[in-house]
Amino acid sequence: MKENVLEIKNLHVQFPIHIGTVRAVEDVSLNLRKGEVMGLVGESGCGKSTLGFSILRLLRPPGHIASGEINYHGRDICSMPQKELLELRGRNISMIFQDPLTSLDPLYTIGDQFLETLRTHEKGIKKKIALERAADMLKNLGISPNRLHEYPHQMSGGMRQRIMIGIGLILNPDLLIADEPTTALDVIVEAQFLDLLNELREKFELTIMFITHNLGVVAQASDRITVMYGGRMAETGTAEDVFADPKHPYTQGLLASVPNIKLEQPELQAMPGAPPDLVNPPPGCVFHPRCPHVMDVCKQEVPKSFQANGHMTACWLYK
Amino acid sequence: MKNLLRYIIARTLLTIPMLFILLTIVFAVIRIMPGDPVSAMLGGHAPEKVIEQKKEELGLNKPLIVQYGNYLWQVAHLDLGTSMIFKQKVTSAITDKLPATIELTIFGMLVTLLVGVPLGAYAADNRRSGKDYLIRLFGIVIYCIPVYWLGLMFQMIFGVWLDWFPVAGRTGARVFVSTFEQTGLYIIDTLLINDWAALWDVLMHLVLPSLTLGLVLSGIFIRLTRANMLDVLKSDYILAAEARGIRHFPVVYKHGLLNAFVPILTMMGLQVSLLMAGAVLTESTFSWPGMGRLLLERIYLRDYPTIQGVIVIFALIVAFMSLIVDIIYALIDPRVRY
Ligand SMILES: Nc1ncnc2c1ncn2[C@@H]1O[C@H](COP(=O)(O)OP(=O)(O)O)[C@@H](O)[C@H]1O
Ligand code: SF4
Ligand SMILES: [Mg+2]
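Line by line, the protein sequences give chains A and B.
1 is the number of the first residue of the first sequence in the working numbering; add one for each residue after it.
1 is the number of the first residue of the second sequence in the working numbering; add one for each residue after it.
Just so you know, not all the hints are guaranteed correct.
Under the rule of at most 30 Å between Cα atoms (straight-line distance), these lysine-lysine pairs were calculated in the DSS-like manner [unchecked claim]:
#1 127(A) with 139(A)
#2 2(B) with 139(A)
#3 127(A) with 254(B)
#4 254(B) with 123(A)
#5 126(A) with 254(B)
#6 123(A) with 234(B)
#7 234(B) with 83(A)
#8 254(B) with 83(A)
#9 83(A) with 131(B)
#10 127(A) with 2(B)
#11 139(A) with 254(B)
#12 2(B) with 128(A)
Computed from the model, here is a short list of chain A residues facing chain B with C-beta under 7 Å [as the list claims (entries may be wrong)]:
#13 86
#14 90
#15 92
#16 97
#17 99
#18 102
#19 103
#20 105
#21 117
#22 148
#23 151
#24 153
Since the hints were made in silico from the structure, they are not lab data.
Backbone N, C-alpha and C fix where the C-beta goes; we use that ideal spot for every residue, glycine too.
Only chain B is shown next, with the shape it has when bound in the complex (with noise of 0.2 Å):
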């Protein structure tokens, strides 16, 4: 336990420097993208003297290393700056719609590790049978579906034909999200006012966007969990546990697939930034309002102060998710925790 304790805190450390160069990566991503922020706002015929002052009061006109500085003491403050297009604060924009990301990302990777990892486990144990290429080929045409597609089908298929799920947005139209709002993700809102009709609506609304998203990224985990699991399987404490007598489902599942899952959950850690993209095109197919729709429409606007603040949180998230992936390895695998 005390060793746990100490792998936690070093880790934790460790995101230390692992921000500040995502940080760095974001800051000089956003100065390296095409088009000129003044411009794009005054539109390309303003007066030099105009342009002068507006960089100013951006603070673009001072060297890059003092924007640097002061974008990197902002952030530290939890301050992302004010948009340039609405006169509104960055972290106002995206804590309105952090939370739909959150509980869409959520679900996604839900569906994915849901469908991916038994999928990919029952391949291995069924290896070269009718099955096992079944499940391989739905892998690949799966990975290689744009979001866009799947959800398109998914929405005409489910939504329009079939009638059984809601095709865009959080809530349908009787339910009136003021009435619950607090935390923004609306399952647990629902849940703390007790209004079930509620939840159940907002539960259908997120069936077909996290099963897109989760299912696009399925493929990945069927070919991963599948390939450590042949790994693992062919080990030596794995014909020590049948020469012991244990059953087969055990010897794959008990001590196969949790062998099998260290390597998938670093896996994991890694594909987040993957979720993320994959929940920008989610978002835009279902009108789903999150960061990545918000992404979207600044990114038209040329809002850059927004556009960085999206892109930092996205950092912020994939460096956490990652510290969590590596604290659930810790407490599976014995061998890390010291």
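If we strip away everything but chain A, and leave its shape as in the complex, we get (with noise of 0.2 Å):
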């Protein structure tokens, strides 16, 4: 088996507001193997964002890690000083974001902002070699180097997803982590983004954790796929077992609401039933207000982690 590039263990994040605290990552444990593309989905709300935004401690207040570890390489980032994790940001781990249109700074430069990434992690680069490099990997990303000095405004959203994915990769991080990158591109686009994506993991060795609630991109995108619910791991598997043979009740929902998965995937709304409530979850199963299986023991304790067919599932059926 290959090494793990990350551990998540037991982690929990909260966000402490007026009315409660919002219980958004609760007791995840995951890891990333060397190379591998981890699809994270789930509907909208169940706390992928959240987990992303914790692997890099880039939570806004109120939000916090609570409990739990992450571990890059042996190296612990939830009790790792600032300055070590400034290193780490961009340099080791990059993430890219949801909103491409949004993403780059709308007063600089591509060239600016390539720039000041790479001086930021390798003091005292030459700007010309900067640019060069900055213009190199346009040319992986299949985009004129010519655009180095133009703004954010004058390109296309699918061109400023890619710029995002080289101004993340121009420092050689092994793991990125994707919130959404393609959620606010047209059909085309994310498939040639997807695509593009599949070239840099070969090229880079990326890691990828690549979080979306389209069951389509994920499908198509990922080796392995853990699937959330209300905060917490349902499934998880390699994506043959969990879209051949899901387990879990709520993976089974999302799947028999779509018949054929395709890239043109709406949101998740599978099942009759609102997500939980993250203030005041329900006891047991956070699922099973929703679940059609729904036991005793469902509504007292939370379901433990259990081997079904070759993957994970947290219900108590597979006791």
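The two chains are supplied separately, each in an independent frame; assemble them into the complex guided by the hints.
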């Protein structure tokens, strides 16, 4: 088995707000193996972005990691001093976001933004050399190096998202967290972007956490999949296993409602019932108010993770 | 670059209708103002015939539309008429006083920006902390203080008790203005003749008036900067910059403050009129021989042509400043230039 690039252990992330505490991530444990793409799916509000931000400790106050560990090649990110963390961001782990239109600073050229990133991490790098590296990167992305002198507003969304990736990869990180990177793109641009990501992944030997609420995208892009529900992991396993034989009732419901997995998938809205309130989550299994197989134990005890058909499922059915 | 030039030209052309509107408002306001210039000049009991004659002399018996046309014609020729009280061109009274006001407002604006913007940005970066509340409190309090009162306090504390700064006028008794006056901007004048002692004297006289004017307006800028910064700091490119490992200071100030500055700048253009109003009050508190004092004096004397002339100049300044502000805006924000 390949070494783990990232190990998340019993992670809890909370937002204390005036009406209580939002438990956005509860007891999540997962590993990312070198070179794989881990797809993280779940409906909007289930804690995917929060999990992604935690990895770089980018949570906005009042959000904070309440407990747990995040190990990157064995170094615990949660307890890392700020200075070390700043070096890690961008150099070892990069993150790209949902909306490419707003992810670049509108007042600086693309070149400036590459330059700033390079200079921050490689003190004293010559401007000329930095710009050459940026130009090379643009070529990798299929973008003309002349674009370095342009401003973000002069480019399309797809191009801006490619540039975001380019800036993210300029320092050769080995882990990329992509938070719904194609959600704002139209289907054709989305397909091109996924191809590009696949190419870059090999060229840069990337490990990727691919966050999305689109089952079609996750099916196409991922080696393994983690399904989240209400801040918790519902199911995790290889993409084939999870899609061919979903075990968790939530995953089953999701897949049943989508007969053909295609790219152009609307937002997940599979089951009857509403997503859980994360301030006062239901006791026991968070999914129990919507679960067709609910049992007595489900209302009292949080399900542990059980092995079922080669993958892990947090459901009492597989005890 | 070509785009920028085109933008500047287009924006400059736009100033023309704006000026036209401003001038029309000034014309109307002067005519609506209570009191009648002729009886103010001649006293209430002048014979009918004399009044008629005076009206004719001043062109006040003509229909409004003709008066309006004459007025625009005059302004277009940089002629603001003749004072009714002193036999003196309004333009010459104004060229006498304008430099003093320009010097005061430039320094006042500098104080406003140097105090308001950094404090607002710092408060936003430390939102909800004790420092944030303190800065906000300062902003609100300083905004509520009347200019007169703040000026008096400064005069008392820094002028009388501590004796650090002079409390009135533009120069001290030992400085002879006639030896250097060329542009009327004393800082430039004293620099032109390399008279450092006089320059120092001029600067010392500027301290309290520009602090008074600047601090009062800084309250607005603290609030404005803080609010804009809070918005900007929430945006994705700030998060993205943090995710790249950019250090806190450049994230907050290079990316955050510069982006927040764009709307602040627009506000600055709008605040110029407030700055002018503040200048009028500051000048009378500090016996500053500028446009504000000229205006107050002439209102008291009911010297209508001069009042009108001063207000026209204020309007020109407002229009000009908003042009400058928009050009700086385009220089900062690439999205504007095309
Ligand atoms: N700043 C915040 N304050 C309070 N609650 C938040 C904040 N950010 C996110 N949350 C809550 O955390 C939960 C997870 O959000 P998020 O991670 O953005 O979900 P996802 O990315 O899966 O759509 C949501 O219920 C959301 O309301
Ligand atoms: S634990 Fe119970 S309620 Fe939860 S998914 Fe499994 S069967 Fe449904
Ligand atoms: Mg999200």
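Quick rundown of the hints versus the structure:
Restraint check for residue 127(A) and residue 139(A): the C-alpha separation of about 18 Å stays at or below 30 Å, so the hint holds. Taking the CA atoms of residue 2(B) and residue 139(A), the gap is about 28 Å. The hint holds against a cut of 30 Å. Of the pairs offered as hints, the one joining residue 127(A) and residue 254(B) holds, with about 19 Å between alpha carbons and a cut-off of 30 Å not exceeded. As the CA atoms of residue 254(B) and residue 123(A) are separated by approximately 18 Å, the hinted pair is consistent with the 30 Å bound.
Note on residue 126(A) and residue 254(B): the hinted pairing holds, with a Cα-Cα distance of about 21 Å set against a maximum of 30 Å. Distance restraint check for residue 123(A) and residue 234(B): the Cα-Cα separation of roughly 28 Å lies within the 30 Å cut-off, and the hinted pair is therefore satisfied. With a C-alpha separation of about 23 Å, the suggested pair residue 234(B) and residue 83(A) falls inside the 30 Å cut-off, and the hint holds. About 19 Å separates the Cα atoms of residue 254(B) and residue 83(A), which keeps this hinted pair within 30 Å; it holds.
Between residue 83(A) and residue 131(B) the alpha-carbon distance is near 25 Å, which keeps this suggested pair within the 30 Å criterion. Taking the CA atoms of residue 127(A) and residue 2(B), the gap is near 26 Å; set against the 30 Å cutoff, the hint holds. Between the alpha carbons of residue 139(A) and residue 254(B) the distance comes to roughly 28 Å, so the proposed pair stays at or under 30 Å and holds. Between the alpha carbons of residue 2(B) and residue 128(A) the distance comes to roughly 26 Å, so the proposed pair stays at or under 30 Å and holds.
A least Cβ separation of about 5 Å between residue 86(A) and chain B falls short of the 7 Å threshold, and the interface hint therefore holds. Evaluation of the residue 90(A) hint against chain B yields a held restraint, the C-beta minimum of about 4 Å falling below 7 Å. For residue 92(A), the suggested interface contact is broken, since its CB lies about 9 Å from the closest CB of chain B, more than 7 Å. With 7 Å as the threshold, the beta carbon of residue 97(A) comes within range of chain B, its nearest partner Cβ sitting at about 5 Å, so the hint holds.
The interface hint given for residue 99(A) holds, since its Cβ lies 6 Å from the closest Cβ of chain B, which is under the 7 Å cut-off. Hint status for residue 102(A): holds, given a least beta-carbon distance of 4 Å to chain B, under 7 Å. Interface hint status for residue 103(A): upheld, as the beta-carbon distance to the closest one in chain B is roughly 5 Å, under 7 Å. Given hint, residue 105(A) at the interface with chain B, holds; its Cβ is 4 Å from that chain's nearest Cβ, closer than 7 Å.
Evaluation of the residue 117(A) hint against chain B yields a held restraint, the C-beta minimum of about 5 Å falling below 7 Å. Look at residue 148(A): its Cβ only gets to about 14 Å from chain B, farther than 7 Å, so that hint breaks. Contact between residue 151(A) and chain B, as hinted, is supported at the beta carbon level, the nearest pair being about 4 Å apart and thus within 7 Å. Evaluation of the residue 153(A) hint against chain B yields a held restraint, the C-beta minimum of about 5 Å falling below 7 Å.
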